[in-house]
Amino acid sequence: MKQPAPKQISASSAPRKARASRPRQAGMLLLEVLIAISVLGIGGVLVVRSILDSLDSLQLSREYTKAMFLTAGKMEELVEEYAFTFRKRREKSEGDYEELGADQDYAYEVEVDRNDDRLVYEIKVVTLWVHKGSVKRLELYSETPVRRLVEDYAR
Numbered sequence: 001m002k003q004p005a006p007k008q009i010s011a012s013s014a015p016r017k018a019r020a021s022r023p024r025q026a027g028m029l030l031l032e033v034l035i036a037i038s039v040l041g042i043g044g045v046l047v048v049r050s051i052l053d054s055l056d057s058l059q060l061s062r063e064y065t066k067a068m069f070l071t072a073g074k075m076e077e078l079v080e081e082y083a084f085t086f087r088k089r090r091e092k093s094e095g096d097y098e099e100l101g102a103d104q105d106y107a108y109e110v111e112v113d114r115n116d117d118r119l120v121y122e123i124k125v126v127t128l129w130v131h132k133g134s135v136k137r138l139e140l141y142s143e144t145p146v147r148r149l150v151e152d153y154a155r
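Counting in the working numbering, the sequence shown runs from 1 upward without gaps.
One thing to keep in mind: the hints can contain errors.
[Said to hold, decoys possible] List time: in silico SDA-like cross-link candidates among lysine to any residue, alpha-carbon distance up to 20 Å:
1) Lys92 / Val79
2) Lys132 / Gln59
3) Lys66 / Val146
Source of the hints: derived by calculation from the structure; they are not laboratory data.
Because the structure is a prediction, the values reported are computed rather than measured.
Kindly produce the complete structure, drawing on both the sequences and the hints.
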């Protein structure tokens with residue numbers, strides 16, 4: 001039995017095939033690397049942006065919490081002041097919280113209105129501060145009963 005003679009590859013055709021496939025593979029590899037870097041870059045930008053937004057939200061949350069404590073403290077002070085007085089009909093005032101040691105510029109506006117029909121003081125405290133160039137506002141309302149002193153009944 002005769003065995004078929006092995007095919008002979010010409011010396012000139014083998015390197016040509018190898019040379020022809022290398023630039024395509026190198027070009028594909030470069031394109032894949034560029035696409036991967038672009039995807040990672042976009043993902044990195046999105047992650048950094050998300051972290052920065054989270055930090056800004058955290059700062060704003062801290063400011064709102066501080067404003068709430070300052071406003072509640074001012075409201076408590078006003079309720080205590082107006083609980084045993086019947087002399088003031090309506091009052092508006094404004095100021096800042098520097099005396100309480102606020103490290104940021106927090107200001108307040110107060111409106112007090114006595115409702116004689118219901119015998120209550122309607123108290124409104126508004127706290128204002130600036131966050132990134134915009135004015136933030138927190139309002140707190142309360143009604144406190146007018147407790148007349150014995151001297152008020154004698155009049």
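Structure-based check of each hint:
1. Lys92 / Val79: holds (15 Å)
2. Lys132 / Gln59: holds (10 Å)
3. Lys66 / Val146: violated (29 Å)
Consistency note: the structure conflicts with earlier hint 3 alone.
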